[in-house]
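Start from the sequences, fold in the hints, and give me the full structure.
Respectively, the protein sequence lines represent chains A and B. Heads up: the first sequence is residues 1 to 369, going by our numbering. Heads up: the second sequence is residues 1 to 369, going by our numbering.
Keep in mind that the hints were calculated from the coordinates and are not lab data. Some hints could be false.
Identical copies carry no separate label here, and so any pair may be met within one copy or between two of them.
The calculated DSSO-like cross-link candidates involving lysine-lysine, where the alpha carbons are at most 30 Å apart (straight line), are [unchecked claim]:
id : residue 1 : residue 2
1  : K84       : K44
2  : K84       : K2
3  : K2        : K326
4  : K237      : K2
5  : K25       : K103
6  : K78       : K44
7  : K294      : K44
Model, not experiment: these values are computed from the prediction.
Protein chains: 2
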Amino acid sequence: MKFEIKSKDGAARTCIISTVHGEIKTPAFMPVGTAGSVKTLENKELDALGADIILSNAYHLYLRPGTETLQQLGGLHKFMGWNKPILIDSGGYQVLSLAARRKVEEEGVRFQSHIDGSYHLFTPEKVIEIQRSIGADFIMPLDELVGYPVEKNMADDAAQRTWRWLERSFEAFNSSTSLYDNEQVLIPIVQGSFYNDLRQREAERLASLEAEAYAIGGLAIGEAVDQRQEAIDISVKYLPENKPRYAMGIGLPQDLLDSIGRGIDLFDCVVPTRNGRNATLFTPEGRLNLRNAKFASDENPIEDGCPCPCCTQYSRAYLHHLYKSKEILALKLGSAHNLSYYFRLMEDARMHIEHGDFANWMSEIISAS
Amino acid sequence: MKFEIKSKDGAARTCIISTVHGEIKTPAFMPVGTAGSVKTLENKELDALGADIILSNAYHLYLRPGTETLQQLGGLHKFMGWNKPILIDSGGYQVLSLAARRKVEEEGVRFQSHIDGSYHLFTPEKVIEIQRSIGADFIMPLDELVGYPVEKNMADDAAQRTWRWLERSFEAFNSSTSLYDNEQVLIPIVQGSFYNDLRQREAERLASLEAEAYAIGGLAIGEAVDQRQEAIDISVKYLPENKPRYAMGIGLPQDLLDSIGRGIDLFDCVVPTRNGRNATLFTPEGRLNLRNAKFASDENPIEDGCPCPCCTQYSRAYLHHLYKSKEILALKLGSAHNLSYYFRLMEDARMHIEHGDFANWMSEIISAS
Numbered sequence: 001m002k003f004e005i006k007s008k009d010g011a012a013r014t015c016i017i018s019t020v021h022g023e024i025k026t027p028a029f030m031p032v033g034t035a036g037s038v039k040t041l042e043n044k045e046l047d048a049l050g051a052d053i054i055l056s057n058a059y060h061l062y063l064r065p066g067t068e069t070l071q072q073l074g075g076l077h078k079f080m081g082w083n084k085p086i087l088i089d090s091g092g093y094q095v096l097s098l099a100a101r102r103k104v105e106e107e108g109v110r111f112q113s114h115i116d117g118s119y120h121l122f123t124p125e126k127v128i129e130i131q132r133s134i135g136a137d138f139i140m141p142l143d144e145l146v147g148y149p150v151e152k153n154m155a156d157d158a159a160q161r162t163w164r165w166l167e168r169s170f171e172a173f174n175s176s177t178s179l180y181d182n183e184q185v186l187i188p189i190v191q192g193s194f195y196n197d198l199r200q201r202e203a204e205r206l207a208s209l210e211a212e213a214y215a216i217g218g219l220a221i222g223e224a225v226d227q228r229q230e231a232i233d234i235s236v237k238y239l240p241e242n243k244p245r246y247a248m249g250i251g252l253p254q255d256l257l258d259s260i261g262r263g264i265d266l267f268d269c270v271v272p273t274r275n276g277r278n279a280t281l282f283t284p285e286g287r288l289n290l291r292n293a294k295f296a297s298d299e300n301p302i303e304d305g306c307p308c309p310c311c312t313q314y315s316r317a318y319l320h321h322l323y324k325s326k327e328i329l330a331l332k333l334g335s336a337h338n339l340s341y342y343f344r345l346m347e348d349a350r351m352h353i354e355h356g357d358f359a360n361w362m363s364e365i366i367s368a369s
Numbered sequence: 001m002k003f004e005i006k007s008k009d010g011a012a013r014t015c016i017i018s019t020v021h022g023e024i025k026t027p028a029f030m031p032v033g034t035a036g037s038v039k040t041l042e043n044k045e046l047d048a049l050g051a052d053i054i055l056s057n058a059y060h061l062y063l064r065p066g067t068e069t070l071q072q073l074g075g076l077h078k079f080m081g082w083n084k085p086i087l088i089d090s091g092g093y094q095v096l097s098l099a100a101r102r103k104v105e106e107e108g109v110r111f112q113s114h115i116d117g118s119y120h121l122f123t124p125e126k127v128i129e130i131q132r133s134i135g136a137d138f139i140m141p142l143d144e145l146v147g148y149p150v151e152k153n154m155a156d157d158a159a160q161r162t163w164r165w166l167e168r169s170f171e172a173f174n175s176s177t178s179l180y181d182n183e184q185v186l187i188p189i190v191q192g193s194f195y196n197d198l199r200q201r202e203a204e205r206l207a208s209l210e211a212e213a214y215a216i217g218g219l220a221i222g223e224a225v226d227q228r229q230e231a232i233d234i235s236v237k238y239l240p241e242n243k244p245r246y247a248m249g250i251g252l253p254q255d256l257l258d259s260i261g262r263g264i265d266l267f268d269c270v271v272p273t274r275n276g277r278n279a280t281l282f283t284p285e286g287r288l289n290l291r292n293a294k295f296a297s298d299e300n301p302i303e304d305g306c307p308c309p310c311c312t313q314y315s316r317a318y319l320h321h322l323y324k325s326k327e328i329l330a331l332k333l334g335s336a337h338n339l340s341y342y343f344r345l346m347e348d349a350r351m352h353i354e355h356g357d358f359a360n361w362m363s364e365i366i367s368a369s
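This is the structure:
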């Protein structure tokens with residue numbers, strides 16, 4: 001992986017991350033394809049919408065199709081026919097939110113599959129082994145997550161364990177190699193809940209690892225905006241400047257812009273695709289709920305000038321009809337439009353960072369929507 | 001509408017139907033878009049797959065979005081952004097199969113909406129009025145359907161009523177005009193269950209109307225193959241030769257080919273799209289059930305050389321994974337592949353009719369699958 005900072009505007013920056021699967025221009029948004037499919041969309045459609053990289057999930061892929069199948073078929077890129085970069089989350093969050101029963105021990109996390117109730121153990125080493133089988137360009141280690149709000153001693157314990165697991169993860173990572181023709185980059189995650197001293201401590205010791213990229217975790221879980229902003233600011237302050245920074249699970253358009261203004265390069269979130277399936281469409285004037293009766297005879301596209309397959313072919317009235325009739329096509333058109341909106345927002349952000357007027361532009365965008 | 005017979009090979013024939021919305025090369029398969037959407041597929045995708053014409057349904061469109069909305073928005077073509085020909089079924093079958101309660105009277109059919117339980121009356125005149133609001137190129141009159149098997153006197157009564165309703169339909173049709181910029185063609189339907197004398201009588205009196213196209217109804221409802229073949233043969237025998245013939249609701253690939261060999265030009269059926277959503281994929285070697293574990297690591301496409309978005313991008317293994325994971329993309333890829341298979345089958349049929357070897361080719365295709 002090669003990382004190059006192209007321009008700066010305050011803390012915001014544009015960068016290029018180069019991999020054997022292609023370049024990622026940052027700030028970049030990574031659409032989520034939990035089970036190896038960004039829901040409703042073909043690869044060529046994702047490509048045309050502007051995706052430089054997609055995200056998938058080790059928990060889901062481990063349970064189905066399973067690492068044996070993935071390895072036999074040459075890894076996830078080949079399995080799903082996607083030739084651009086992929087980032088794979090560890091599945092720690094999915095164990096927390098989906099698995100039937102789970103128990104965190106020093107060794108790792110024991111859980112039952114949400115699919116068939118079978119028993120599994122994710123250790124830091126096991127997750128690296130799974131990540132090797134999947135073969136993504138960017139991989140995340142197992143970490144221990146806490147909810148919000150959480151007592152400081154619990155947040156501290158989880159952060160300490162996350163650090164011990166990270167050391168084991170890097171050991172397993174460094175004593176193994178990629179199974180396919182691409183390099184893999186292991187991205188450590190800053191935890192510490194919303195306690196500034198914990199965040200600082202974790203960011204500082206992660207920085208000492210001289211990793212190739214860094215993530216900030218435990219965000220967008222119910223905290224106040226200023227708590228999130230502070231957690232990002234402290235993490236950014238103590239992480240190295242010359243490495244990509246990824247804020248996991250953020251989020252809404254205004255939160256992406258705010259975080260870009262604080263130095264974040266990479267984002268992932270289910271918001272655009274999940275909202276698209278739920279009839280909530282993003283536009284420069286704000287969100288539209290397409291189930292609303294006022295759209296029943298609205299001949300306008302969702303967003304004037306939008307190049308997505310929804311706006312170039314269909315009216316709001318037709319989309320309203322599709323959502324009301326529970327037509328599958330609605331889910332796809334809504335997802336495609338929202339992703340187009342997000343990718344264009346990132347493209348505009350890059351342009352305004354390069355022009356040096358990011359902050360003003362961001363204020364305008366946020367107040368218009 | 002203009003209708004031209006291009007070539008004949010036995011009873012099979014290739015024709016061109018010309019409308020202001022474009023040409024239909026027959027034999028042609030019309031994909032079903034019940035509620036104004038061929039499920040999962042965009043217009044441009046249908047176009048690329050090879051659809052010359054699509055079918056939708058008056059019952060569904062009348063209930064939602066409603067004729068007022070459709071008329072306000074300039075008719076169905078404009079509403080759904082589809083610029084090629086459309087055929088609209090009357091909804092008689094949907095009243096029978098979907099409506100909560102229904103009662104057939106001489107005036108028409110009373111029923112309750114399956115959506116909100118509201119009360120409605122479809123008369124022959126009302127259906128023409130609805131068809132005028134929808135504005136399709138080809139429209140079907142209200143008819144009375146019977147199940148299978150049915151006593152002869154009941155089949156006779158229904159056929160007689162269908163004839164009386166047809167006279168009223170043509171009266172309403174001839175005393176009204178198209179609301180949009182396209183001609184509308186009203187297609188009478190031969191009924192009579194599987195009683196040859198009833199079929200003959202209905203075909204003869206429909207022929208006397210000198211309509212622009214004819215449909216054969218009441219097929220593919222559980223009858224034996226030879227019953228269906230006989231019903232088609234008698235209908236074709238007594239209908240005029242120089243008009244398009246449409247066999248409603250057929251069906252499986254081998255049934256399409258068999259019916260083409262008996263002189264049928266147009267088909268519609270939910271089979272390719274519904275099967276596609278249910279993981280059953282058509283190939284020259286027969287049907288594949290993609291949920292079957294044997295496909296879990298099969299790197300081949302569904303069908304070698306198929307130009308559809310499924311076969312050009314994805315393996316059977318990946319499609320198996322998508323169906324097992326209940327991913328929405330599977331429903332779309334399966335539908336697209338099956339429609340591609342049907343359209344290519346019709347294209348091949350046209351070519352072999354023109355080459356004069358249709359019967360031999362058909363035998364080979366049927367025995368291989």
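Here is how each hint holds up against the structure:
Proximity of K84 and K44 under a CA criterion of 30 Å is satisfied in both settings, with 11 Å inside one chain copy and 25 Å between copies. In this assembly of identical chains, the alpha carbons of K84 and K2 lie at most 30 Å apart only when taken from the same copy (15 Å versus 50 Å across copies). In this assembly of identical chains, the alpha carbons of K2 and K326 never lie at most 30 Å apart, being 45 Å within a copy and 37 Å across copies at closest. In this assembly of identical chains, K237 and K2 lie within 30 Å of each other by CA distance solely inside one copy; the values are 22 Å within and 74 Å between copies.
Proximity of K25 to K103 under the C-alpha cut-off of 30 Å is found in neither arrangement, the shortest distances being 39 Å within a copy and 64 Å between copies. Both within a single protomer and between protomers do K78 and K44 lie at most 30 Å apart by alpha-carbon distance, with minima of 15 Å and 27 Å respectively. When the C-alpha separation of K294 and K44 is checked against a cutoff of 30 Å, the pair qualifies only between copies, where the shortest distance is 27 Å, while the shortest distance within a copy is 33 Å.
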